[in-house]
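Peer 1: If you want the building blocks of each chain, they are given just below.
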Amino acid sequence: MRDNKISVERKKYLKKVTRNKIIIFITQILLLVTFIAAWEICANANIIDSFITSKPSRILDTFMNLSQNGLLEHIGVTCFETIIGFLSGTILGIIVAIILWWSNFLSKVAEPFLVVLNSLPKVALGPVIIIWVGAGMPAIIVMALSISLIVTILEILNGFLNTDKEKIKMAKTFGANKFQILTKIVIPANISTFINSLKVNIGLSLVGVISGEFLVSKAGLGYLIVYGGQVFKLDLVMASVIILGIVAAVMYKSVVLLEKLITKTHIIN
Amino acid sequence: MSNKHEILKIENIRKIYQAKNDELEALKSINLKVNEGEFVSIIGPSGCGKSTLLSIIAGLEEKTSGKIYIDNEEIVGVSRKIGYMLQKDSLLEWRSIYQNIMIGLEIQGIKNKENEKYVKDLLKKYNIYDFRNKYPSQLSGGMRQRVALIRTLAIRPQILLLDEAFSALDYQTRMLVIKDVYRILKNENKTVLMVTHDISEAISMSDRVVVLSNRPSVIKKIYDINFDMESRDPMNCRENPKFSKYYENLWKELDINA
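So the protein sequences, as listed, match chains A and B. My numbering puts the last residue of the first sequence at 269; the count rises by one with no breaks. My numbering puts the last residue of the second sequence at 258; the count rises by one with no breaks.
Bear in mind the hints are in silico, worked out from the structure with no lab data behind them. Any given hint could be a false lead.
Derived BS3-like pairs: lysine-lysine, alpha-carbon spacing no greater than 25 Å straight-line [stated by the list, open to error]:
#, chain 1, residue 1, chain 2, residue 2
1, A, K184, B, K88
2, B, K67, A, K169
3, A, K178, B, K186
4, A, K108, A, K169
5, B, K111, B, K81
6, B, K4, A, K172
7, A, K184, B, K111
8, A, K264, B, K134
9, A, K184, B, K120
10, B, K120, A, K165
11, A, K169, B, K111
12, B, K179, B, K124
13, A, K264, A, K253
So, partial list: chain B residues that the calculated Cβ filter (under 10 Å) puts toward chain A [what the hints assert, rightly or not]:
#, residue
14, A58
15, V78
16, S79
17, R80
18, I82
19, G83
20, Y84
21, Q87
22, K88
23, D89
24, L91
25, E93
26, A148
27, R151
28, T152
29, R156
Every beta carbon over 12 Å from chain B, so not counted as near; a handful from chain A, in silico [unchecked claim]:
#, residue
30, L14
31, K15
32, L31
33, N46
34, I52
35, T53
36, S88
37, I98
38, V109
39, I130
40, I191
For glycine and all other residues, C-beta sits at the position ideal for the given N, C-alpha and C.
All chains, please: the whole structure from these sequences, using the hints.
Peer 2: Here it is, written out as structure tokens:
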């Protein structure tokens, strides 16, 4: 609890902190505006070929006609695929990690396979997945899942294995069985591990979905980007990329928000 | 002391560790009897296996051979009659103090009205009740150790094992916590078996001090500590002239060569 009276030095310091924040924010906005303005001006003055680079005003037009050109629907498809891939990857990853934590034997057996699978670029499995699951949305979701799954398993297992040994010993002195150690010590001690893996997974699932859409889809932002590129509709490509950036940021922010919510109810500092 | 009830008996405890290229005999043969309400300390050169002995009694480690009896009944594995207090308090930072203290009862599935009342009485008796809804990070090191002790007492163990329970604390806190724990344990009339590397800690708290030999360990000697003073506590007995005599003897017995 801070004192109600704020000293002159403290005031000065706080002022300096806020001023720094404002300066950084203004610089960021300026940079963005300058970039967009330069782009627009150069395109209008024919310094750059707007057929290849598109230009901000035309991208804005594309945004404005969102409902008309079906962009909204494509956004929906990509978000849906990402969320499903993300959730299934995370849940499955946690389940496998629990099994491997439970059985030392299984985790020893699985170790080399996990290492190889982890370093394998999962996009390479794309054609195989399409043949097995069929072209379409399921293949895209499986792709997103396969990208996030192994990382989730490794990260969560690692977190589980690094749980404070003393806390586990403490539970054992009361005669705790393995299930009690898992639910009363290991899982609550790893809440931050879960959240970190959510943060990583949301980005990875998006990568999986977009590369899946590149390969097979008839809808989604990935599809729009490929389609727009093929018919040289650069306005559409640029608009899709920007939307993708926004979608990624919103999803990441939601996880951060969730984190704040959990840490607030979970641990009071 | 002769007509007191013998609560813990350790018979021929032996422990051999198996490693890849060698085996290591930690405990050769340990025999010990502890009476009800007695405070016994175990000291010995570092690496002599004194903590191993305590882990074996607690049922956390397997013994190679030997038997352990509580009230003439042999125990195997973790016994509910034993409470074990470790060096680190290991409070769970996501649980409130009250929830932390309840964890033993939860694990043993005996979280009922009667036990909850017992815990609440303990909390009130030892001035933790007002903190019960706080979280471990809000407590001082000494207070945390007191909570850890109450957590151990919550399951009403007959015998308490203390494994270097104070060595993680800084000197001043340690003195206070030792006094605090001693008072609580005497008050609750608990039987205590404590492992420590600190000779003065052992003398200041114990009725008897057991000295273990180097590995493979046997009991080298058992000292009776008797200050003949009323209201003895771990602080005031340090000023007793006998204290330094005991210290000298034990120091020689340990035969530490730097």
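Peer 1: Evaluate each hint against the coordinates.
Peer 2: Here is what the structure says about each hint:
no.	hint	result
1	K184(A) to K88(B)	holds (18 Å)
2	K67(B) to K169(A)	holds (23 Å)
3	K178(A) to K186(B)	violated (34 Å)
4	K108(A) to K169(A)	holds (23 Å)
5	K111(B) to K81(B)	holds (16 Å)
6	K4(B) to K172(A)	violated (31 Å)
7	K184(A) to K111(B)	holds (15 Å)
8	K264(A) to K134(B)	holds (14 Å)
9	K184(A) to K120(B)	holds (22 Å)
10	K120(B) to K165(A)	violated (29 Å)
11	K169(A) to K111(B)	holds (21 Å)
12	K179(B) to K124(B)	holds (18 Å)
13	K264(A) to K253(A)	holds (16 Å)
14	A58	holds (6 Å)
15	V78	holds (4 Å)
16	S79	holds (8 Å)
17	R80	holds (7 Å)
18	I82	holds (8 Å)
19	G83	holds (8 Å)
20	Y84	holds (4 Å)
21	Q87	holds (8 Å)
22	K88	holds (5 Å)
23	D89	holds (9 Å)
24	L91	holds (9 Å)
25	E93	holds (6 Å)
26	A148	holds (8 Å)
27	R151	holds (8 Å)
28	T152	holds (8 Å)
29	R156	violated (12 Å)
30	L14	holds (26 Å)
31	K15	holds (31 Å)
32	L31	holds (41 Å)
33	N46	holds (63 Å)
34	I52	holds (55 Å)
35	T53	holds (52 Å)
36	S88	holds (27 Å)
37	I98	holds (19 Å)
38	V109	holds (20 Å)
39	I130	holds (44 Å)
40	I191	violated (7 Å)
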